[in-house]
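> Sequence:
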Amino acid sequence: MSTPAERYAAFRELQSGNGPALTSFRGLYDFELDEFQLDACQALEAGDGVLVAAPTGSGKTVVGEFAVHLALAQGRKCFYTTPIKALSNQKYNDLVRRYGAARVGLLTGDNSVNGEAPIVVMTTEVLRNMLYAGSHTLTGLAYVVMDEVHYLADRFRGAVWEEVIIHLPEAVRVVALSATVSNAEEFGEWLGTVRGDTTVIVDEHRPVPLWQHMMVGNRLYDLFVNEGDDTLRINPSLMRITRDESRLAQRGRRGYGRPRAPQSNRSDVIEKLDAEGLLPSITFIFSRAGCDAAVMQCLYAGLRLTTEQERHEIRQIVDERTAHLPDEDLAVLGYLEWRDCLERGLAAHHAGMLPAFKEVVEELFTKGLVKAVFATETLALGINMPARSVVIEKLDKWNGETHADLTPGEYTQLTGRAGRRGIDVEGHAVVVWQAGTDPLSVAGLAGTRTYPLRSSFQPSYNMAVNLVGQVGRERARTLLEDSFAQFQADRAVVGIARQLRKAEQALEGYAEAMTCHLGDFQEYAGLRRRLSDRESELARQRGAARRAQAVQSLEVLKPGDVIRVPGGRRAGIAVVLDPGTDGRGEGPSPLVLTIGKQVKRLSAADFPVPVEPVEKIRIPKGFNPRSPKERANLVSTVHAKLGDRDLGGPVRARDHAAEDDEILRLRRELRQHPCHGCDEREDHARWAERYHKLLRDAESLRRRVEGRSHVIARTFDKVCGVLEQLGYLEGETVTQEGRRLAKLYTELDLLTAECLRSGVWEGLGPAELAACVSALVYESRQSDDLRSPKIPGGAARDALVEMVRLFGELEGIEQDHGLSFVREPDLGFAWAAFRWARGHSLDAVLTDCDLAAGDFVRWVKQLLDLLGQLKDTAPKGGTVGAAAGRAVEAMRRGVVAYSSVG
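Going by this note's numbering, the first residue of the sequence shown is number -13, and it counts up by one from there.
Think of the hints as simulated: they come from the structure by calculation, not from any bench.
Beta carbons: idealized from backbone N, C-alpha and C, even for Gly.
Treat each hint with caution, since some may be false.
[Unchecked claim] Here are the simulated distance ranges between beta carbons:
| no. | residue 1 | residue 2 | range |
| --- | --- | --- | --- |
| 1 | Lys488 | Ala337 | 44 to 54 Å |
| 2 | Leu656 | Arg612 | 57 to 67 Å |
| 3 | Asp669 | Gln491 | 19 to 29 Å |
| 4 | Ala337 | Gln722 | 32 to 42 Å |
The task is simple: from the sequences and hints, build the whole structure.
Following this line, the structure appears as structure tokens:
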């Protein structure tokens, strides 16, 4: 029998809402869970799904780990999904440490470890593929954790999150973990409609307070100061110093004085942070070359942030983690210089680095051995690398098309890394001042903590054949209408429809106000409108004709022609010095000397009507228009030539409206209409004008409603139209070719299927096939690079040419159906893929292809993924499947074969 104390404790636990699973789970942690974590865990244990929106570093992953704990306690399965492989690897290692390798699996495309374990970490794409394939691994699945679920806004991969959420079995509970977004309730409401009961928990409180600073020169200023009544305002000292620095920088640029260097030296910034006790730091630089250059600047400045003991520990870890990499590859990758920087506590972190090198940097930084990391924004995607301070060098970045300002959401995501829970009392965000950086702009970014989540969902060809094959076309259409994209479109339609209803009600009132007892005033107003439209149309035509005639008249002017400038500031008599017809395509722009002795450059805009010379004079040879005396002499010559002649006023244009049959007819009908004689005609007309304007607005609103209603389903119908035309669908039936397309998970799914069907790759060797398939996964970072890429010759070249031809055919078919999904194959990686598959060294391949090592490895891994799919889906009896298998074996070597897990 239990003691009174035990019974009281059980009663308190019951009152708190904690079930037995949550009670045992709390015992796994050496800290008390926050209120939002407890609320989410209680909702999960009660059987609800949850959406947790909280800042970076707040500990929302604890909720995901509770789902894992619940699944194990119930003897069920939990899948933990992440947007990127690096996050999956990191989470796998975390869970293995807690639950042991026997109970945790990993599926990322690169790695397949213990896939039937009760806990499996995977990328979201892997789960989507399982759902479409009806994988037996889904048996016993109770929970799916979707980490970084705000990634569904990503325009390239975001649709996968919605596919998973929509298609998961009904009994599975979804645990969605998101950054703070301003429309979390809207997203949670959608989750509730497609997944059942979902508790939305929003927590905007940062567990570690964040202080905002700006660094000007070598001084650190607080961005905000406290007024004393807990209200914050921008630091007046900072405003004053940045204003002074901007003036000095401006003076320097204009040549009035020595220019001031507006941006702090990177090594000086790190030294200042070190002196202020603000290391470790992450400095975000929005270019890979900038990150590498920053490390080199600190190296050449002699910066060393580590002790002898730390350097020894760094050497041990680096040597151990890179022992598997061939020495010749390490030499190519600048290994010794990289290790030297690490030993000084300095590192870069970006997608161009070898994955093994990035993982070493992450490990050393997490252990506090590397003190200063210079990173691109990809580090902000969720990798667990918190710092004491975050430095942002610029408030704009290249987005692939233009230099765009950072959004408040991006700023929040970057600075969210500052402040390590359980280590730091506070985090620090530092913006480095440079000319043009306004503290008010920084304050605007820092003060707006959230951003809205916008769906990027749209149906794909692979999605369409999978859905039609599983549930039929009509049910598939209904399922797609459940997407968050359609949910948001419907929400927008509600507001637009409300505006439309108000406009329609107002139209009824306007119609009543313009009622005339003599006749149909709407008919009369229509006549007036048609007359006005016809007069405007004629005026436009006349204006265009006059402008064309004016340009023609200017084109035949000669030096010495005396002309009348008809109107504007330059009206009056002038003599042409230079006709200005140099053929630059901008129209004639004559240089003239006015009767007021001023030299002016005119344009066609100065001549609303054609111009004709009124006289001709000879311009002296060597005439200098800058000489006042010569100008005065030439004006005297003009006066003498013209004498007292009356040149008349500007030419008046004829009134063509009086001669237009349509206008004459409409004017006659107006005069004969009963309403023309109404005493209140003009009052009625004003109401009629309001009615007509509001009617146009209402029609625009109606078009917007129609455009947003069923937009996803309409796109799905177009996709199915393309698939039917090409023979992948026959009504409700998925053909054999369609079933092959259903197994191809790649952006260019339809083009890949067409290449298989047409036999374009038959007979190719492994290296040639790798070169061709690379064109379907690779995308050049420089989209405007006009250089022709180097490609293999022979059969591979012929196949690549045929692939581009197939793309052209598909593009035309898509255009006929109102779609634009397919993109042209990118041949920029074909030569590198060909050489790597042929066994060439990393040094030789990288030298030839102008790619960073990390990019090379990433593209090869994506290529291996698609080759693996082709190995399994290529038509039986052909050569492609076997060639794809041999290509995979040939390319999975050296730095490509490396994996941090398994």
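> I want to verify a distance hint. Is the separation of the beta carbons of Asp669 and Gln491 within 19 to 29 Å?
22 Å, holds
> With 57 to 67 Å as the target window, see if Leu656 and Arg612 comply at their CB atoms.
For Leu656 and Arg612 the Cβ distance comes to about 60 Å; the hint holds.
> May I ask you to test the hint 32 to 42 Å on the CB atoms belonging to Ala337 and Gln722?
With Cβ atoms ~39 Å apart, the hint holds.
> Between the beta carbons of Lys488 and Ala337, is the distance compatible with 44 to 54 Å?
With Cβ atoms ~50 Å apart, the hint holds.
Consistency with the previously given hints is maintained throughout, with no hint failing.
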